[in-house]
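Chemist: For the protein sequence lines, the chains are A and B, in the order given.
Numbering of the first sequence is given in my numbering, commencing with residue 1 and proceeding in unit increments.
Numbering of the second sequence is given in my numbering, commencing with residue 216 and proceeding in unit increments.
Bear in mind the hints are in silico, worked out from the structure with no lab data behind them.
No experiment lies behind these values; they were computed from the predicted model shown.
Errors might be hidden in some of the hints.
As the list claims (entries may be wrong) - Only some residues are given here: those of chain A computed to face chain B with a beta carbon under 8 Å: (1) Thr100; (2) Asn103; (3) Gly105; (4) Met157; (5) Val161; (6) Met164; (7) Thr192.
Ideal Cβ placement from N, Cα and C applies to all residues, glycine included.
What follows is the residue order along each chain.
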Amino acid sequence: MKIKLFLVSIFICGFLLVTLGQRLEFVEVTDTIMLKQKLEATSEATFSISSKFRQEKHLWMLKETIFSTGEFIFKKPNSIKWQYNSPILYTISIHNNTFTIDNNGNITTYDVQSNPLFKEINKIIATAIRGDFINNPDFESRFFVNDEQFLAILIPMNKNVKSMLNLIEIYLSKATLQVDKVIFREAQDDYTLIYFEDKFINRNIPTSDFILGNP
Amino acid sequence: MKYFIIVFFLFFTMSCAHKSFGPVSYDNLNNNKAIIFNRSFSKAIYKTDLNIYGHNITGITMIKKTNDSFRFVLISELGIKYFDFEIFEDKGIRPIIHYAIDQMDNKLLIKKIINDIALIFILQKGKSRVKKTGETEIIVFGNTYYDYTSEYGVSEIAKSNLMGKINCLIKINYGENKIPESIIIDHDKVNIKLSLIPNG
């Protein structure tokens, strides 16, 4: 009797694993035109995003991961703020072509054009979050789908981006077409994974939220 | 007059020689004092401010000890890797640049940064001289000076150029378990500040 129960348990576990595996396995999207139209429509209709985020930096050679958490806000057309609460207090805000950094109370403002490296990094991240990757000449894109998500794989074409990243994986909720998680894959198999949680779309975000140093 | 200047110059330079330093040491007692990351150190992460010729870069540095080397990896807060160096305790082995972001891939600059950072990782071998001032010992290996006290370990490293002028100065403060809590490296227009992130 016990052996029978054991065998049935194994069968059920195996069945569940196979079924879940099939549900989560991504297959390439054939009708990309339709998907691109949907993504563009969603991007058009998204005026603001506020969300918490968890970031994991995986250093493959060191077999180490650096964890960060914080809050993210975006408002059309180009205002973005990343507020890191852990492991360090650090906020970076891009607004009106300037970026302001609050490094544990020390506030510095720069012209976005003055730091090409930062400008490039920010452009990549903004592209991934805002869904600006459709018809973006800087990336070649491929789309995949499973039961829960769409996956957009972006291969950099731009020389500056290529030097930093091998590819970007953007996971979008199938239901809302909003970004759930982004993976930035670098050389040496290192990657950065950012999960967006507790998202609010089109919530009113005052412009003053992007101005650092406000009381 | 000409001879006077020559004699004066010789006299002056001789008087500036490290007369007050003790005899040259051939044992490895001082080698074991000139250590910043002690034997029990395995890894730590540091908040990092890097100022290079007026350009400021901030991020997080992971320092990890391997068998005979230290990995020094600086990433931006947003996760992009700036560089990844491997520096060997044996200063005879050249550091390895595993990665440097294209925008920072200036060989002379990277070499300068690595050489400065290496001072906190390399183990000194060979002859040394010591000058004692109260509790502090200044231990000299070639052109590298270590300020050492038995209570805090090495609090300062200075490296001089061929003319004897200090061109790189490193200040170290220690926290729990004698792991460096802050490290400040000053070398002309390259400044690096590392602040330990507790439980990071």
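Chemist: Run every hint past the structure and note whether it holds.
Modeler: Okay, the hints, checked on the actual structure:
{"no.": "1", "hint": "Thr100", "result": "13 Å, violated"}
{"no.": "2", "hint": "Asn103", "result": "6 Å, holds"}
{"no.": "3", "hint": "Gly105", "result": "13 Å, violated"}
{"no.": "4", "hint": "Met157", "result": "15 Å, violated"}
{"no.": "5", "hint": "Val161", "result": "10 Å, violated"}
{"no.": "6", "hint": "Met164", "result": "6 Å, holds"}
{"no.": "7", "hint": "Thr192", "result": "3 Å, holds"}
The structure does not agree with the numbered hints 1, 3, 4, 5 stated previously, though it agrees with the rest.
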